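Visitor: Use the sequences and the hints to build the structure in full.
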Amino acid sequence: MICINSSSALIGSFAYLRKRSLIGDAVAHSLLPGICLGFIMAGEKNMIYLFFGAFFTGWLSTYLVDYIVNRSKIKQDAAIGIVLSSFFALGIVLLTFIQNGVYTDQGGLNHFLFGQVAAINKDELLLFAVVLAVIVLSIIVFYRSFIIVSFNSDYAKSIGLPVRSIEFLMTSLTVLAIAAGIQALGVVLISALIVTPAAAARFWTHSLGRMLVIAVVFSVFSGLVGAYISYANSQTPTGPWVVMILSTITLISFIGSTKRGILARYLKARNNKSKILLENILKAIYHYHERQDRQKELNLSLAPAEILKVRRFDTADLRHGLNQLIRRGFIGYRGNNYYLTEEGMTESKRIVRLHRLWEQYLLKRTSIDAFHVHSGAEAIEHILSPEIEKELEKELGISGIPTEDF
Amino acid sequence: MSDFWIILTASIVAINAGLLGCFLLLRKMAMVGDAISHAVLPGIVIAYYFSGDKTSGLLLLGATLTGVLASFIIDFLSRKAKIQGDASIGITYTLLFALGMIMISTWMQGNVDIDMECVLYGDIALIHMDKIIVDGNLYLGPRAFFVEIIAFAIIGFSLLFGFKGFKLLAFNIDYARSLGINTGKWHYALMTLVSLTTVVAFEVVGAVLVVGFLIIPPATAQLVSTKLKVMLLLTCIFGISAVILGYYLAIWWNVSITGAMVMVSGIIFFGVLIGQRILKSNKQNVEFAEGQF
Chain V
10 MICINSSSAL IGSFAYLRKR SLIGDAVAHS LLPGICLGFI MAGEKNMIYL FFGAFFTGWL
70 STYLVDYIVN RSKIKQDAAI GIVLSSFFAL GIVLLTFIQN GVYTDQGGLN HFLFGQVAAI
130 NKDELLLFAV VLAVIVLSII VFYRSFIIVS FNSDYAKSIG LPVRSIEFLM TSLTVLAIAA
190 GIQALGVVLI SALIVTPAAA ARFWTHSLGR MLVIAVVFSV FSGLVGAYIS YANSQTPTGP
250 WVVMILSTIT LISFIGSTKR GILARYLKAR NNKSKILLEN ILKAIYHYHE RQDRQKELNL
310 SLAPAEILKV RRFDTADLRH GLNQLIRRGF IGYRGNNYYL TEEGMTESKR IVRLHRLWEQ
370 YLLKRTSIDA FHVHSGAEAI EHILSPEIEK ELEKELGISG IPTEDF
Chain S
104 MSDFWIILTA SIVAINAGLL GCFLLLRKMA MVGDAISHAV LPGIVIAYYF SGDKTSGLLL
164 LGATLTGVLA SFIIDFLSRK AKIQGDASIG ITYTLLFALG MIMISTWMQG NVDIDMECVL
224 YGDIALIHMD KIIVDGNLYL GPRAFFVEII AFAIIGFSLL FGFKGFKLLA FNIDYARSLG
284 INTGKWHYAL MTLVSLTTVV AFEVVGAVLV VGFLIIPPAT AQLVSTKLKV MLLLTCIFGI
344 SAVILGYYLA IWWNVSITGA MVMVSGIIFF GVLIGQRILK SNKQNVEFAE GQF
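Quick note, the sequences are listed as chains V and S, same order.
Heads up, the first sequence is in this note's numbering, so the first residue is 10 and it goes up one at a time.
Heads up, the second sequence is in this note's numbering, so the first residue is 104 and it goes up one at a time.
Calculated directly from the structure, the hints in this document are not laboratory data.
The structure displayed is predicted, hence computed values, not measured ones.
Just so it is clear, CB atoms sit at the ideal spot from N, CA and C, and this is done for glycine as well.
There's no promise every hint is true.
[To be verified] Heads up, simulated DSBU-like pairs for lysine-lysine below, C-alpha to C-alpha not over 35 Å straight-line:
1. V:82 to S:288
2. S:267 to V:166
3. V:84 to S:330
4. V:277 to S:131
5. V:82 to V:131
6. S:288 to V:84
7. S:332 to V:318
8. V:82 to S:131
9. S:330 to S:267
[To be verified] Examples of chain V residues lying across from chain S (beta carbon under 7 Å, computed):
10. 95
11. 106
12. 205
13. 245
Guide: What follows is the structure in structure tokens.
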């Protein structure tokens, strides 16, 4: 189980990066006719024959998918669907042919449909170990070329790598991994072992090396837990439980991941939104005083309604924003009115200054006309860093707050 | 007599699936059809568990909803979680299929009506076991046939009335959006129909092979036609010929009927593809030869 899970997780990571996750699905279904052919040729359940039959049709299927995509207007996903269902149909025809035929000892062939971990014997275990060893070895030896071909095959071609042979090798390894795993998980669920660990691992890292390790860890962990659960409730098969655990891990990753998880992204978006709101309120207060021609007396108090005259806010947002600003010490509260504190005054000046510097920059250095510079500045004022501020100052030769406003 | 009913029922399955398959194919969503056909399994099991009847309306409704749910999860994963499109398809259908398998193994122990083999490749040869008989002896045909006819009516009506919408959705979704059409609504309408087709075809042809009916005939038609209406017509023709040829082949070799039908369908596809290549290269040779003089 560990061997199968780690080999397919490794291969799946590369498949994910090449955006070819569903190829595994086509290969898995195409193994069935190969297994049946192997059985017919050998006349019995000979592991070697079955394995090579499976390897042959599995490989043929990826070749056919590429052939259809290159030679006609059919798209890749449709090509996968065509190859998958025709080969599977062929497999079913052969399977029923065997079942109705003269063969004895054909029991266990349908384990390949749904998988049966318990049916795996010692010889097969040895085979899986060999497959894993081959895959790990090839990944170590060809690590660099695999990376280049997966990320940018045009570049790989241009630096003279034998792209076709490398792709051939990667395809062969994929078929190998699936052929080894199919007896444990069955034709449908084996795709989960290819796709899911890679997708889950992708949430946690940007580096390929780490992604491979994490994918293997996830996959092996769910293999063990799944096997344990199905052992504890003896009626239920192992494969589905492994897939359930794996999917749960993906779900957790996608919610909780610190880098790309939905929770992290949500929090980040919320922080940005609140920062923009606060800065806009400070700016509106400055504008209000400016219109009264009181730039020097920014600490005079004003009512919320007066802020709304300068800039339209949602009233709930405004109330929330003002409270936030009070908590941060930018604004004081006196009577029913608000006033800027020392810090608030500097902060509001800073934002207005950034806004107007950018407007000047757009006006002078680009061909954007005066009607449109405001919206550009409105977006960028919240993210300009002090370094860029200095650059702008130097570039434009302006110090202090430009008085022009657009 | 049962020959006739089997061919007729399978032909309607082929037409239902083929018509919708055309639209899926044009939207480059062929594998979503695959995903839905696997994902309806838990819905079928749950509905069966509660109703105890394989052909009840509740079962169809429940399973259809699961299919729509699956397409919703796929959308969610690829848009919100930023997982690649085909990876999110792979994750969704394996998860739901695994769930279905666990349900079957815990609740359906020793139950003869739902077993895993039938889930994968159906059992069309047995449809005449479940017949509709009126007045004690007037034989009207197998029940599956009528289920398929009803599905055909629903799909036919939706396609007739929504033809413009589905067509726009298939060819130029941005243009449709710019016209102010609610593309999301049409998308889920199509997904519901696909889901319905796979559910009703489920017990006849099984979860994997219905994909063959859904994708292969439309793809064959797409090779030779450039007009949507021609494509729809050709799809039906290719589908029905595969059904008839496949049936007699299966009888001749004594193998699975549905398997043979889809296999013939695949053979037709590759035949057309290769035939077209040969014709094209001949034509080019002739043009080249004429150019020499």
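Visitor: None of the hints should be skipped; say for each whether it holds.
Guide: Against the structure, the hints come out as follows:
Distance hint between residue 82 (chain V) and residue 288 (chain S) is fulfilled; the C-alpha atoms sit about 28 Å from each other, no more than 35 Å. Annotation: proposed proximity of residue 267 (chain S) to residue 166 (chain V) is violated, straight-line Cα distance about 45 Å (limit 35 Å). A distance of roughly 17 Å separates the Cα atoms of residue 84 (chain V) and residue 330 (chain S); the hinted pair therefore holds under the 35 Å criterion. Proposed proximity of residue 277 (chain V) and residue 131 (chain S) is supported: the alpha carbons are some 34 Å apart, at most 35 Å.
In summary, the hint linking residue 82 (chain V) to residue 131 (chain V) is not supported, as the alpha carbons are separated by about 47 Å, beyond the 35 Å threshold. Taken as a hint, the residue 288 (chain S) and residue 84 (chain V) pair is honoured in the structure, with Cα atoms around 25 Å apart against an allowance of 35 Å. Using a Cα cut-off of 35 Å, the hinted pair residue 332 (chain S) and residue 318 (chain V) is violated, with the two alpha carbons roughly 59 Å apart. Proposed proximity of residue 82 (chain V) and residue 131 (chain S) is supported: the alpha carbons are some 11 Å apart, at most 35 Å.
Simply put, residue 330 (chain S) and residue 267 (chain S) have alpha-carbon atoms about 14 Å apart, close enough for the 35 Å limit, and the pair holds. Checking residue 95 (chain V) against chain S by beta carbon gives a least distance of about 3 Å; that is within 7 Å, so the hint holds. The interface hint given for residue 106 (chain V) is met, as the beta carbon of that residue sits about 5 Å from the closest beta carbon of chain S, less than 7 Å. Below 7 Å, beta-carbon pairs count as interface contacts, and residue 205 (chain V) has one with chain S at about 5 Å; its hint therefore holds.
Hint status for residue 245 (chain V) relative to chain S: holds, with the closest Cβ pair at about 5 Å, below 7 Å.
When the structure is compared with the earlier hints, violations turn up for hints 2, 5, 7 and for no others.
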